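Participant: Please arrange chain B on chain A, whose structure you already have, making use of the hints.
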Amino acid sequence: MASRVELVNDNWLARSVTMMNLVSNRLSNMAFVEIYTDLDINDAFLTQRTLTDNAYRETGLEALRAQTQ
Amino acid sequence: MTLFKVLRFACITALAVNLAAEELTGEAIMQTMDDTRRSTNDSSFTRLKLSSCTFGVNKGRIACAERPRVKVLESVSINHGKDNKDTKSLSITLEPPAERGIGMLTYGYDEAGRNNQTWLYLSALGRVKRIAGGDSDEETEPASIFGSEFTTEDTDTGKLAEYSFKRLEDTTQSGRKVWKVESLPNVERAKKSRYSRTVHYIDQERYVVLRSEMYDKYGK
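Each protein sequence line maps, in turn, to chains A and B. In terms of my numbering, the first sequence opens at residue 1 and continues consecutively. In terms of my numbering, the second sequence opens at residue 1 and continues consecutively.
Simulated from the structure, these hints should not be mistaken for laboratory data. Only a predicted model underlies this, so the values are computations on that prediction, with no experimental measurement involved.
FRET-style restraints, in silico, Cβ to Cβ: (1) A:T68 / B:N58: 37 to 45 Å; (2) B:Q204 / A:T59: 42 to 50 Å; (3) A:E6 / B:V199: 21 to 29 Å; (4) A:E34 / B:V187: 38 to 46 Å; (5) B:A28 / A:S24: 28 to 36 Å; (6) B:P96 / A:T59: 19 to 27 Å; (7) B:E169 / A:W12: 20 to 28 Å; (8) A:T59 / B:P97: 19 to 27 Å; (9) B:R194 / A:R4: 24 to 32 Å.
Under 8 Å between C-beta atoms, here's a sample of chain B residues computed to sit facing chain A: (10) T40; (11) S44; (12) L50; (13) C53; (14) T54; (15) I92; (16) Y121; (17) V128; (18) S148; (19) E149; (20) V209.
Glycine included, C-beta positions come from ideal geometry on N, C-alpha and C.
Here chain A stands alone, though its shape is the one from the complex (with noise of 0.2 Å):
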């Protein structure tokens, strides 16, 4: 089930998404807190560096949360 639907970069986003199992009784909602687009992304950022290596890391977030601001 998907509510709270925003128009983001021109599109339209449920920035609430429940998923219910019936099967195991358990339901999981994911939200979209803050969402950025158009921001300036390296590709090397999406590698399994940036899994293992914490300074790696934390330097690329800070610079994405940066270009936030």
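Facilitator: Below, chain B without anything else, positioned relative to chain A:
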């Protein structure tokens, strides 16, 4: 332009839009919806909250029957490849503190038959684990997203050629006019999917899925 001409133009336009909507196939609707979703993710940085719990029904309302487990994530995505239809996305856990640094990297491909690749990093173990993508010799189910009820399959885009679509009757959902489209995986996709059939309710104006009903291999 006279009032008559304006009215005639408006009527013709409305008729054309209506006819176009009538003629849309299930596949065309799903393609536009998929393109819309993909373009929203391009060069994006997202902060999201993932809450999970066991639920129950109380006085006709669905509610958590326990305190939900809440995770806060940051996610980065770009589109690339042919026609910008492939995706790369990375999600990192910020909270709870004990899970900070757990991450998931996914390369998604639009091309039918080409398996997506997913790697999970467990910070406590300091290891990257590749999540099997459903190769012919490793028919596995999609991975859960950070222990939630969502799987990588639920957030995928592309590979529409691996499904057949059938437009069912138009209806309403949450007060909006929606197309109801049934999606059935082909034989190869069915081996890798949790779902044997999915029915999507897609907003006719905004091309957003407002509801999906997924059925497992036993039709439940």
